[in-house]
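**Q** Chains as they are written, first to last, in the numbering used here: chain A, 1065 to 1600; chain U, 11 to 434.
The reader is advised that the hints may include incorrect statements.
Dumping the calculated DSBU-like pairs for lysine-lysine here, alpha-carbon to alpha-carbon at most 30 angstroms [unchecked claim]:
id	chain 1	residue 1	chain 2	residue 2
1	A	K1452	U	K423
2	A	K1360	U	K371
3	U	K83	U	K371
4	U	K83	U	K194
5	U	K149	A	K1452
6	A	K1452	A	K1360
7	U	K423	U	K371
Source of the hints: derived by calculation from the structure; they are not laboratory data. Predicted, not measured: the structure shown is a model, and the values here were computed from it.
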Amino acid sequence: MLTSPKDTATRPTPRAVPAREWNGRGGGFLVKLALLAIVNAFGVAVVLAAWRVESYGILAASVAILVAVDWVYLSRRTVPLKYLLPGLIFLAVFQLFVLGYTGYVALTNYGTGHAVTKAQAVDAVLIQNERRVEDSASYPLVVLRDGAELGFAILDTGTVRIGTPDQPLYDDPGAVVDGEGRITSVTGWEVVPRAELLTDSALQQRVFDLRVPASANAEDGSIRTREGSTGAVYRSVLEWDPASDTMTDVDTGVVYTATDRGNFVAQDGSALAVGWRVNVGLENFVRAVTDTDLAKPLLRVTGWTFAFAIISVVSAFLVGLGLALVYNDERVRGRKIIRTLFILPYAFPAFLSALLWRGMLNPEYGIINDWFFGNAYISWLGDPFLAKLSILWVNLWLSYPYWMLVCIGALQSMPAERIEAAKIDGAGRWRMFRSITMPQVLVSTAPLLIASFAFNFNNFVIIYVLNNGGPRFADTSFPLGHTDILISAVYNISGVAGGVADYGLASALAVIIFIVVGGISAFAFRQTRKLEEIGS
Amino acid sequence: MRKRLTLSAVAVASTLLLAACSSAPAPAPESPSPTEAATETASPSEEPAPSGAELVVWVDENRQPAVADAAAKFEAETGATVSLVVKNFADIRTDFIAQAPTGEGPDIIVGAHDWTGALVTAGVVETIDLGDKAGAFEKVALDAFAYDGQLYGLPYALEAIALVQNVDLVGTEAPATWDDMIAKGKEAGTERAVVINVSATGDGYTSYGFQTSFGAPVFEQDESGSYTTTVGMGGENGVAFAKFLAENGQKGEGHFTTDIDYDINQALFSEGKAPYTIQGPWAIGAYTDAGIEVAVNPIPKAGDETPAPFVGVQGFYVSAQSQNKLLANEFLVNYIATEEAQQALYDADPRIPAFTAVAEKVAADPIVAGFYASASAGVPMPSIPEMGLVWDLWNAAEAAIITGSEPEATWNKMVEDLEAAIAG
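Using the sequences and the hints given, assemble the complete structure.
**A** In structure tokens form, the structure reads like this:
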């Protein structure tokens, strides 16, 4: 290892050790080999597991990762990649995949009523429309086997009747029934023991799917069993024709045709309950901006999101900076204790503080009105303007300690010579703050300000816990309110919390939010470079 | 030094890789939650060609012990394996709809009946046939799990809210009407005559008994008891209820106020500051802990009809994508739908049993009997997917009327919005 090409490459003054140069296989290499072997063994295990459960996406990804790892760590030409690869894999798995998948969902109609594939939807429709024949009896039943063929035997008022999918039920006088009414043997068939039936997955599936016609007339329905010991007569109301892609109601003759919107729809427009996921292109994005019922409230939500994020960051930063300036002054007594006290709000979990604030802001029972407003009735969270004010206030309370900490750090790391130089040049306090302190603080805090903006842009917790987006907009049927920010709006529209889900639309909105936040962050980071030029 | 660096880089890289590989299934949309991964005893993918059949059941923490007992008996008698996965009750619905289509979901879940519509339209739930056992269950419980004439769940517990009263302040006698209750409440001389949860977001669920006493159901029911998508809250009856809310709201008598949320409601009643409240069985523990002796009675009439609160039913669903449907049905019908298992479920999590024999046994307790009576007069909470559209609009309209909006206009606007949203 000492003499591996990588070492020679990075070594400032290469030593010539000719005796080991050609060998290059030290103990380190063996360790590397062992680790790679472990990784490979694990990777192959994952690949095999993926193969067994037919998860071909995971299989392909695992193979690709494994090949990449082996190539990178065994090749001599990939020195930088040896360091970068783990990070790149994480980036691919946790960032790019999530982004890509969200983007993919945004192009579909995934949501309530469109949650499954078409094949599953067809199955579900058929399941839901196979109905028990009204007032039909339940019969004791056993499963019969003859080689690979399966059949049922039922006990119908003292008579044992047997049948197979191809042969409707017929009487079997030779069958034996024990004292407890169980069929123990029938002519020409083996009775499958119950224990075997319950432990054999494949057999179970076949038995569950088995239908034995009750008579030669298909209208009479078929015997089926759900748990293997009783049977009843069922009839399928719908018939599936894969060739023409239609479901036909055998009673009414109504034909439901599969549409490219992922539903079975009849001539009169009525649709079957279960639909499937289809690609709808950019429709979700178009809807977000053109559907007036959605676009108008969304625009207001967007405006408030920006206001909330910007005001939260700026107010917390200014309060934090002010406190930092004051409590960084050596003349303040007991500043360490005071600073610790100031940091307290930062130490509580945010959602807990938000819950406490919600209680304190209660108009009748909260202590805010009680203590500070002479028990007046002020509906802090019920009025659109006051609710926004309350949220900004609580968020300020939660986040100024962070900025105080950061600013104290920035102030303390400021070179004292500059202040001295400014003093000698005769600069006043304000001038010194404006030209020296502020730019210096901004250099080190600007990236944090941007990060904080991005965080507040998506600060779901405080919005959700404090007031759940309320008070609600009165002029839309979407569950959105005056203090909803984009991310909580997406949450409400997605229907994760209950109600009608539209993951497609929610994903489209999430993609838009990503583009907005990403764009603003990129722009802002570019701007901070200018600050750094000032600072240096 | 350099050697060590290279080595540790490789070591770190391989650890990262191990982590990356082990989380390789994570990108799939159905990524399992940590709790699930931790409690799942054996995931199907790790077992080399399962020889015995395995049932995966999603339960919540409360019901886990009772289901585990039934599962142990089932395992012993059939040789099959049952894996219980403990999940947060509120997450089961969404996770099930997301995971079932991938084929990796559970065979059975515990759930609430009002998920039925969502599960049916998602195409993830199998029908159930209780056969001759259907007669052993409360009818309202079976109706609740029925959707378009098919049964989709095995019910096991009911719950409904009722009038809870402080025995020391107003005795055990049930007030017949709203006015009667208010008069008695005022006589008790407490801070409030009655405390009813509204909260800032509104709470149509708690007030639904009063609403139905005006004859204004959320959705109309057809002759078989199934809910239709016709909104029943419009018209005179709905407006009468809206006016009732306004009269008793913050600009009126003040009995309904958005300032009272669940926690404040609990505090006021527990401190004896209000003699009456409308609450469910889950709230009783807090009252008895606070030393309040309570009596439970049906909700009093505000209009002319019998108040019918929403009944919530809990039960078990079978996945449409299950590979072990026969076993799943056997487990539910022959092991869970038994008096013994239903009693165990009641003991583990005391809710009114849906199994009549057990319900009658536990109704010896007057508190249970009170909720049982209230539930018997109730209607199943609609399980049609359209109900999801109702909550936000409905709650918000009630909150607005209570805080002083013009009742008739606000109510009618809500009904119009709802009808528009349902029409899509």
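**Q** Given the hint that A:K1452 pairs with A:K1360, test it: the Cα-Cα distance must not exceed 30 angstroms.
**A** holds, 19 angstroms
**Q** Straight-line Cα separation of A:K1360 and U:K371 no greater than 30 angstroms?
**A** violated, 56 angstroms
**Q** Taken at face value, is the distance from the CA of U:K371 to the CA of U:K83 at most 30 angstroms?
**A** holds, 23 angstroms
**Q** Given the hinted pair U:K83 and U:K194, is their Cα-Cα distance within 30 angstroms?
**A** violated, 52 angstroms
**Q** Under the criterion that the straight-line Cα-Cα distance not exceed 30 angstroms, is the pair A:K1452, U:K423 satisfied?
**A** Measuring from Cα to Cα gives roughly 25 angstroms; hence the hint holds.
**Q** Checking one constraint from the list: CA of U:K149 to CA of A:K1452, max 30 angstroms. Satisfied?
**A** violated, 48 angstroms
**Q** When you check the alpha-carbon spacing of U:K423 and U:K371, does it fall within 30 angstroms?
**A** It is violated: about 47 angstroms lies between the C-alpha atoms, which goes past 30 angstroms.
In summary, the structure is inconsistent with hints 2, 4, 5, 7 from the numbered list given earlier, while agreeing with the others.
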